[in-house]
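Residue numbers (numbering that gives the first Met the number 0), protein chains in the order written: chain A, 0 to 527; chain B, 0 to 162.
Quick caveat, the hints were computed from the structure, so don't treat them as lab data.
One should not assume that every hint holds.
As the list claims (entries may be wrong) - Covered stretches of chain B (chain A as the covering partner; in silico rule of three or more C-beta atoms under 8 Å from a C-beta of chain A):
hint: 1; stretch: 1-14
hint: 2; stretch: 30-44
hint: 3; stretch: 52-62
hint: 4; stretch: 68-76
To be verified - Far from chain A, by Cβ distances over 12 Å, these chain B residues were calculated:
hint: 5; residue: Arg97
hint: 6; residue: Trp122
hint: 7; residue: Gly149
As the list claims (entries may be wrong) - One-sided and incomplete, this derived list gives chain A residues near chain B with beta-carbon spacing under 8 Å:
hint: 8; residue: Met140
hint: 9; residue: Met144
hint: 10; residue: Gly220
hint: 11; residue: Asn222
Heads up, the beta-carbon is just placed ideally off N, CA and C, and yes, glycines get one too.
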Amino acid sequence: MAVSHDERESVNSAEELAEAIEPVVEHSLRLSIRNDPRVLAGVLFPVIGPAIRKAVSAALSDMVESLNRILENSFSTRVLGWRFTAWRTGRPFAEIALLHSLIYRVEQVLLIHRPSGLLLAHVQGPAVAGKDSSAAQDNSMVSGMLTAIQDFVQESFSPGAETPLRTMDAGDLTVWLEQGPNATLATVIRGAAPPELRHSMAGALESIQQRHARDLAAFEGDNAAFERCQPMLEECLAAKYRPPARPAARPLWIVAALLAVLGGVWLYFSMRSANEWRRALSRLQAEPGIMVVSSERAGGRYHVAGLRDPLAADPRRVLAAAGVDPAKIDASWRAFCSLDSAIAEKRARIVLQPPAGVVLASTGGVLDISGTAPHFWISGALKAAPAIPGVDRVRIAGLVDADMDSSRIALESAIIRFAEGSAEIQPAEALTLQGAAKVAATLEAEGRGIARSVSITVLGRADGGTPSPNNPNLAAARAAGVMKELIRQGVSAGVLKMDSAVDARTGAGWRNVTFAVAFGEGAEAGSR
Amino acid sequence: MTQKKILMLGAFAVGKTSLTERFVTSSFSERYRTTVGVRIHKKVVRVAGRELTLIIWDLAGEDEFVAIRTPYLRGAAGYLLVADGTRADTLRKACELRERARGAIGEAPFVLLLNKHDRLEDWALQEGSVAGLIKNGWDVRAVSAKSGDGVEDAFLSLAARLV
Ligand SMILES: Nc1nc2c(ncn2[C@@H]2O[C@H](COP(=O)(O)OP(=O)(O)OP(=O)(O)O)[C@@H](O)[C@H]2O)c(=O)[nH]1
Ligand SMILES: [Mg+2]
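I would like the entire structure built from these sequences, with the hints used as guidance.
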């Protein structure tokens with residue numbers, strides 16, 4: 000027994016999966032831990048997209064080539080219009096032509112064993128089949144992924160209920176799922192398929208369930224019995240194109256042009272509503288705190304389902320603003336907790352209740368608080384904010400602590416006076432010094448509480464009188480004496496700095512000690 | 000074509016993804032990227048002269064925040080229980096998950112892998128705890144996703160018991 004050669008494809012798509020999932024893992028994990036595991040539904044969709052796209056991307060290049068050949072050789076006003084569009088939008092002509100010619104095409108049909116997710120049978124459109132076999136090799140993995148997503152959505156959104164996932168968008172492809180008791184029929188569609196396709200799918204699935212009831216119940220991994228299902232699956236391989244216009248005879252030119260204009264107008268209006276819906280959806284998708292998981296436009300009604308943060312905008316209103324009639328919308332939303340900056344900011348505003356004069360701004364997980372606020376609010380906010388989903392870090396560099404600021408002003412206006420030629424603290428100054436020590440200690444403690452460093456410079460002065468070479472020493476001695484006293488009264492040495500100056504002027508007004516206070520950000524405030 | 004769905008079950012960070020990657024792509028990465036939900040891999044093996052396609056469901060590991068979703072277990076033909084030999088509690092978790100799997104899919108073949116065998120100096124499993132399981136008839140193997148020791152053998156021995 001030996002391992003057979005390993006398909007490169009499973010290597011590649013494994014890498015694609017990993018790549019697709021990497022950027023979302025961190026966020027979703029944090030979310031699922033803090034809040035709501037349902038957000039993972041949103042995570043799974045981008046994973047499956049690349050795998051399905053890869054399986055069918057081969058088709059497009061073939062189509063572009065062949066259509067190009069037909070169209071380059073024919074001439075009609077419609078083609079002229081496309082040429083105009085190509086020129087206007089700068090996209091290749093063949094691509095425009097293909098988009099306009101293709102109404103829809105079923106690229107793959109997969110029959111999946113429901114409990115295990117194993118692939119029972121599958122058929123693909125001629126363009127896909129002709130390209131290479133690597134696409135086919137991915138199908139057994141895609142089949143498992145579709146099942147995992149179905150399981151997931153079923154359990155998360157409607158546990159117990161029989162409302163399985165019916166539609167999924169994967170880039171420019173749509174997957175339709177038809178659910179039987181123990182098999183799922185999936186079609187991968189490019190373009191807008193008509194509702195009749197649903198009927199063909201349901202019909203095919205029903206007859207498969209009937210004819211293979213025993214095979215399905217006893218399925219243990221050998222899918223040979225299901226080869227006979229191929230013709231039934233092929234019935235779902237429908238495609239529809241607008242026929243390429245024939246070269247018009249000269250005399251009929253004007254009639255042809257008129258018809259083309261009328262056709263264009265009709266096409267314009269019928270496509271406009273599809274375009275509007277698509278545009279409205281992308282507007283909704285871009286809305287912070289809203290994740291659209293599935294959407295469908297059927298029978299003149301708009302179905303949309305997904306996840307919504309309770310703080311996000313009203314989806315109905317967003318769609319209405321984008322031109323969708325609110326009366327025609329069927330929406331179902333599950334609550335989840337979004338980490339989007341705009342939502343995190345709203346959430347922070349609700350949790351922190353900032354007083355007037357405070358500005359909150361959130362970008363990339365950093366909550367910036369600026370303005371002026373009382374001390375108790377700031378210390379409370381610093382404790383509460385990191386627990387707010389979507390806030391990883393809090394910055395208060397631009398925030399003034401009103402209480403600390405008034406302490407600063409009080410301390411900076413205190414003056415300790417000295418007798419001429421003396422560095423001794425006068426009994427009359429003891430009270431002022433005591434007050435200064437108290438304010439300094441409070442500042443220090445408050446600073447520590449909000450991780451803001453406090454630095455108090457004790458500035459000793461001597462006057463220029465009785466000129467003496469000793470005056471600089473006197474100024475320093477005064478500062479040192481006051482500093483020692485502050486420390487004795489409980490202020491940490493670490494927050495204190497000393498400075499001294501000799502003034503040229505003479506008089507009692509220049510023989511003193513004053514204080515200057517500075518705040519810094521982020522340091523362990525006033526330690527040791 | 001015969002296909003079998005198998006599961007990777009175990010606590011978080013025991014190396015389910017690393018073992019799968021070692022087996023499917025013969026690669027290993029030191030970096031820990033936790034699995035969200037499930038990742039699906041495919042590998043064709045030869046068992047008793049026949050080709051067998053393994054569809055490997057690498058599930059997110061279980062911890063106090065994330066529980067394994069029972070629907071993912073459905074239809075599995077067998078599973079690999081993975082424990083981390085350097086974390087004794089992961090062996091208890093493996094036993095617990097074995098009971099859970101039995102409840103969801105009945106008696107099915109499984110192999111218990113004690114992973115990270117390259118770090119024997121940090122081995123934290125008690126001698127007796129594993130011996131008891133072996134006595135109960137469990138297929139227990141020490142493996143290393145990092146060096147690759149025992150990995151292919153373990154997958155192939157499970158595969159052999161599926162046909
Ligand atoms: N030394 C050593 N490290 C390993 C081995 N297997 C896995 N690891 C490391 O263990 C960590 C977790 O590995 P994963 O394979 O992601 O674990 P997991 O069980 O898939 O984890 P979840 O998906 O979170 O449940 C990674 O950093 C791996 O590099 C091994 O055999 N030896
Ligand atoms: Mg993993």
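Now the hints, each set against the structure:
1. 1-14: Holds, because 4 residues of the stretch 1-14 of chain B bring their Cβ atoms closer than 8 Å to Cβ atoms of chain A.
2. 30-44: Holds, because 12 residues of the stretch 30-44 of chain B bring their Cβ atoms closer than 8 Å to Cβ atoms of chain A.
3. 52-62: The restraint on the stretch 52-62 of chain B holds, since 3 of its residues have a Cβ under 8 Å from chain A and three suffice.
4. 68-76: holds (count 7)
5. Arg97: holds, 20 Å
6. Trp122: The claim holds: Trp122(B) sits with its nearest Cβ about 29 Å from chain A, beyond 12 Å.
7. Gly149: Answer for Gly149(B): holds, closest chain A Cβ roughly 14 Å.
8. Met140: Hint on Met140(A): holds, closest Cβ of chain B at ~5 Å, below 8 Å.
9. Met144: holds, 6 Å
10. Gly220: holds, 5 Å
11. Asn222: holds, 6 Å
Hint compliance for this structure: every hint is met.
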